[in-house]
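K.L.:
Dock chain B against the given chain A, drawing on the hints supplied.
Protein chains in written order, with this note's numbering: chain A, 236 to 657; chain B, 578 to 982.
By construction, these hints were calculated from the structure, which means they are not laboratory data. In this text, all values refer to a predicted model and were calculated from it rather than measured experimentally. Mixed in with the good hints there might be a few duds.
Stated by the list, open to error - Pairwise CB distance ranges, derived in the manner of DEER restraints:
#1 Val680/B to Gly596/A: 26 to 34 Å
#2 Leu731/B to Ala542/A: 44 to 52 Å
#3 Arg552/A to Glu631/B: 49 to 57 Å
#4 Phe367/A to Ser967/B: 41 to 49 Å
#5 Leu801/B to Ser472/A: 52 to 60 Å
#6 Gly844/B to Thr273/A: 43 to 51 Å
#7 Glu631/B to Gly433/A: 41 to 49 Å
#8 Thr648/B to Val423/A: 42 to 50 Å
#9 Val363/A to Gln647/B: 47 to 55 Å
#10 Ile412/A to Val676/B: 46 to 54 Å
#11 Tyr271/A to Val676/B: 34 to 42 Å
#12 Gln604/B to Gly640/A: 38 to 46 Å
#13 Leu295/A to Glu884/B: 41 to 49 Å
Said to hold, decoys possible - To spell it out: a stretch of chain B is covered by chain A in this simulated footprint if at least three of its residues, at any positions, have a beta carbon under 8 Å from a beta carbon of chain A; those stretches are:
#14 608-622
#15 949-960
As the list claims (entries may be wrong) - Chain B is nowhere near these chain A residues, computed Cβ spacing over 12 Å in every case:
#16 Leu291
#17 Ala304
#18 Ile333
#19 Arg400
All C-beta atoms in this analysis are idealised placements derived from N, C-alpha and C, irrespective of residue type, glycine included.
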Amino acid sequence: MSVVREPDTTTTALPPPRSETGAVGWMRANLFSSWYNTALTVVVGAVAALVAWYGLSWLLIDADFSVIATLGGLLLIGQYNTEVGCPGQNCFWRPQFILLMVSTLLGMAWVVAGGGLTKRIAITVPVVVALFAFLPYGLDRMGWDVRLLLLANLPALLLGWALGRYTLLGTWRTVAILSVGGFLLALVLLRGIPGVPGLQPVSVLHWGGLMLNLLLAVAGIVVSFPIGIALALGRRSNLPVVKLLCVVFIEVFRGVPLITLLFMSQVLVPLAFPENFPLNSLLRAAIIITLFSAAYMAENIRGGLQALHPGQAEAARALGLPGWQTTMLISLPQAIRNVIPAIVGQFIALFKDTSLVYIIGMLDIVELSRKFATTYVENGMLPYLDNVRELFIFLALVFWIFTYGMSYISGRIERHMGVGER
Amino acid sequence: MLNTNTTLPRALTYQGIPIWRHAQVIQWTAQIASGFLVVFLVAWFFFNIANAIEDREIPYGFSFLERAYQTPIGQHFLPYETSDTFLYAFGVAAVNTIVVSIVGVILATALGIFVGVARLSGNWLVAKLALGYIEFFRNVPLLIQLYFWFYIVLALPPVREGYVIADLVYVNNAGISIPFPFSDGLAAALVWLAAALAGVVGGKALHQRLTEREIDTGQASYPLVWGVTVAVVVGALAWLLISFVGGGAPLVVSEPAPQGTFGRISGGFTMSGGLLALLIGLVMYTSSFIAEIVRAGIQSVNRGQIEAARALGLSPMGTLRQVTFPQALRVIIPPLISQFLNLTKNSSLAGAIGFADLTNVAKTMTQTAPAISIFILIMAAYLAMSLTYSLIGNLYNRRLRIASR
Chain A
236 MSVVREPDTT TTALPPPRSE TGAVGWMRAN LFSSWYNTAL TVVVGAVAAL
286 VAWYGLSWLL IDADFSVIAT LGGLLLIGQY NTEVGCPGQN CFWRPQFILL
336 MVSTLLGMAW VVAGGGLTKR IAITVPVVVA LFAFLPYGLD RMGWDVRLLL
386 LANLPALLLG WALGRYTLLG TWRTVAILSV GGFLLALVLL RGIPGVPGLQ
436 PVSVLHWGGL MLNLLLAVAG IVVSFPIGIA LALGRRSNLP VVKLLCVVFI
486 EVFRGVPLIT LLFMSQVLVP LAFPENFPLN SLLRAAIIIT LFSAAYMAEN
536 IRGGLQALHP GQAEAARALG LPGWQTTMLI SLPQAIRNVI PAIVGQFIAL
586 FKDTSLVYII GMLDIVELSR KFATTYVENG MLPYLDNVRE LFIFLALVFW
636 IFTYGMSYIS GRIERHMGVG ER
Chain B
578 MLNTNTTLPR ALTYQGIPIW RHAQVIQWTA QIASGFLVVF LVAWFFFNIA
628 NAIEDREIPY GFSFLERAYQ TPIGQHFLPY ETSDTFLYAF GVAAVNTIVV
678 SIVGVILATA LGIFVGVARL SGNWLVAKLA LGYIEFFRNV PLLIQLYFWF
728 YIVLALPPVR EGYVIADLVY VNNAGISIPF PFSDGLAAAL VWLAAALAGV
778 VGGKALHQRL TEREIDTGQA SYPLVWGVTV AVVVGALAWL LISFVGGGAP
828 LVVSEPAPQG TFGRISGGFT MSGGLLALLI GLVMYTSSFI AEIVRAGIQS
878 VNRGQIEAAR ALGLSPMGTL RQVTFPQALR VIIPPLISQF LNLTKNSSLA
928 GAIGFADLTN VAKTMTQTAP AISIFILIMA AYLAMSLTYS LIGNLYNRRL
978 RIASR
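Chain B with its partners taken away, still in its complex shape:
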């Protein structure tokens, strides 16, 4: 060490070590260099964009959000008119994406758990069919699957010759029409939904309370009976009260029916071919991934747990529901959440089959609004969604971890 000190000028050493070999110096130089590089790149991009805005007179800013969008949106879950503003249209598109994601997530999880459990079935036929399902739907691009379902719907007979099931469900090349609850006054419906939700929450709390008492005291307390009764009674009372005060039921079931000379279906809820194909495609594609996650999760549970449960006399189904699955959940939840996020992001393929999701509407908007602003909006929207998913996942994870020993 003394040698290096004497042969090198002091300026080239730090703490007696040549600076090009000093770990801290190297690290800080690397950090500063990479930081500068990135700052330089970003500044260069901004400079170029600013130049382009000035030279080519490219519009920017967010004032367009107040303007009328003036473009129709195919299927939408919020009421929408072409005279509505860009901001509202963006919200309508975001709600489209959110609704598709939530419905898709629920269906894909249910189907995925079913296929994943079937994959581990002791029944050879069931296990092999589940394997075939997984290997096929997982390995074919979602886009191809979407087109396939979309063209199947398009190839259905036209509206007047479509299939009718029990005068309630209409299937034709415009999509599927089903009965759906609607309300005349939105406020009354919301109040009733809130009351019903409160009833369910109250019933659940009572159920838990009575169960605890039953365990503590040994007296029969009928938790299930009381819980369900409270939920039903609260919901029914609220329904009657709102009907009496508001002069009409909060929700009425609207049934689809053909109207006019062209037999157009009105009433009920019509899922357009695009929405239908999107949901089927997303659910089948994602469920094949979820099935693999569920399988891995179940297989990760110690065999001894299952053997102990069987030795205690639990049925195979009871073992799965009360012993295997709760433990498997700990392994399943993190990748499951990321599949939910994938489903949400994959719903952006909707544009290919004519469903107006966030990306599709944003793409159309760039024709009449500044692309830079649209890009910022859409990035923010998707990042907000993915952050929500991570938040839910983290919360759930934490709860599971506390419960574990």
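Next comes chain A alone, as it looks inside the complex:
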């Protein structure tokens, strides 16, 4: 036995016992704190391990994800580049060009934001897109040109970064204006211009795949937000006519399922406009989805306005701000900041709801998968229903990445703005 040096108990405390620190201590505190918790951990752990074992062995050994390769580019852009949608031409470059615009804008946003989360998003998105160029199997008609255009997203990002860094374009205002302009340009590009070589028109009926979901979601989010604010302010205003109109609008749109509205937009809305009024089915769907989302958005923002202390508006009025400035500069920014989670939740709901356009016959990524899967099954190209599960798991994962990404960003924005702290 060696001589144990006596610790100086008068000045330093004893270290906690080994069983209270480190991994053992953590497990004692979080998994085995009582007999009840120990039993719970053992039972739940066993069930979870069993499920994980069978799930993983199915996923890694039995599951056959080749159906995704079979559908390939259809999942991304639907029938846009098929003989039906774009006969005799390769139209894949158009959605790809839009991706390049997005990468450039992300590069500019990176400079403007000066790092942080924006930088990470700006780098991640183009890199992931560029990685698609190395897929072993061909996306729909995927030749070297398609792969090169995918790779070009990296130089596009750098171009955007350089534009933001070394020219006068590096401000939020220009990025915002360019984004709106870019979105409109994207729509024109996808639709095509009659008579222009290489820009042969593609009917909106053939827009599809993930592209359609993203287009509807972006348009819906951007447009429904201001409409929602207007509706919320209208519902809180003390002008009886305006208030009544807003209440009726909000309650009617919130009371009926989106799918019913979408379906009726195909049957009824054409009747409500003169014949040959320029409203195609995609536009009708986009308008309905936007208005539906705006009604929910209005209620979220109204909640934020109601939660605001009336002293804020009173102080603003006391300082001499006119009514609309009180609203725009004092009430609304605080109200919106307080309900960011609800607003982003509504954006997520809108993105998920874009899968409902199946009811009007549009082939978004979900409906396209279902339809083509059953067609392939009927034609004997797939064994009966065997690969459909894999397909829908893949779709769930695709949607999950986008929606979880959105809620992650929302959490970051919340923390950045100090929600609940100020």
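P.N.:
Same frame as chain A, now just chain B:
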């Protein structure tokens, strides 16, 4: 102020203020303008619809409701024949939606509360599993989940090779068949149900009365024993009486059994693949939202309340049941009601997996009936449902608020 008065003609001022700067004038102009705009738009739509009806000879009106619908409805909870009228078929579809909503709401609430409480568990493993459940099912579109469950049911073995559990439950690609109470005479069953309900209500009232007496006088009054006894005795007496008078039990349990050469399951209650997938999908999707609401509600309760309850010697479970949860309910109920409404509206996705809900049947009806009238009917039906939910929510809210201090 005098200056503005002298430089402007009197007609352009109101109460001495230029009219384009007078708040009231601006407000009223805005109201009248927006009112006119909306009236104009609505009138224009009506004009166009009226034109379309006339020019393109589009049918309208509600006379079709008396006609026979002549289209089969997949699974239905009310008896239905193809010779029944449109009106009745619409009612059958509405009942389908209502039944799915009620069952879905009950199951989703139970599962949601369970997951929400698990999310706050001190057990790391349980909390993380609950978090994973919530984050996954909340973030994947319901439609994808419905398809997934639907194709799982479809991929089950066919009827003759299906799974049989204890000769009572049959699981195959036509759905799940379970034993279910049925009655030959609907009247007898309804009378018995009413009597049994009365027994339960009476027993509950007695229980409350005896509890109060026990608290007031301190004498042991056995409220639970008496309450349960009254409920059971009333139900049993009614059962015997109806069996004696009506010549048969009011309800008999019908068990599913394979029949014929094809082994089709008859008897019991068969949940079709569409209904099954719809219920599983709706319940899992909605419960993930409810779990988050429950978590937020529980977290909103002041920590001091929980500490006080523990200091008084309540067990963790007792604290949750008698202190935390009743207070959390006040925060939970309003968003919970809106989730119920969401579930009801989301059940309209049933059409995608072949279950005949209100929207799906209405969609089929537009092929043989005027779309405008169908649209009005379906709007009215869904608005009635959402108003019912708001009414229940408001009533409940009011009760909670009076109870609060």
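K.L.:
Output the indices of the hints that this structure fails to meet, ascending.
P.N.:
none
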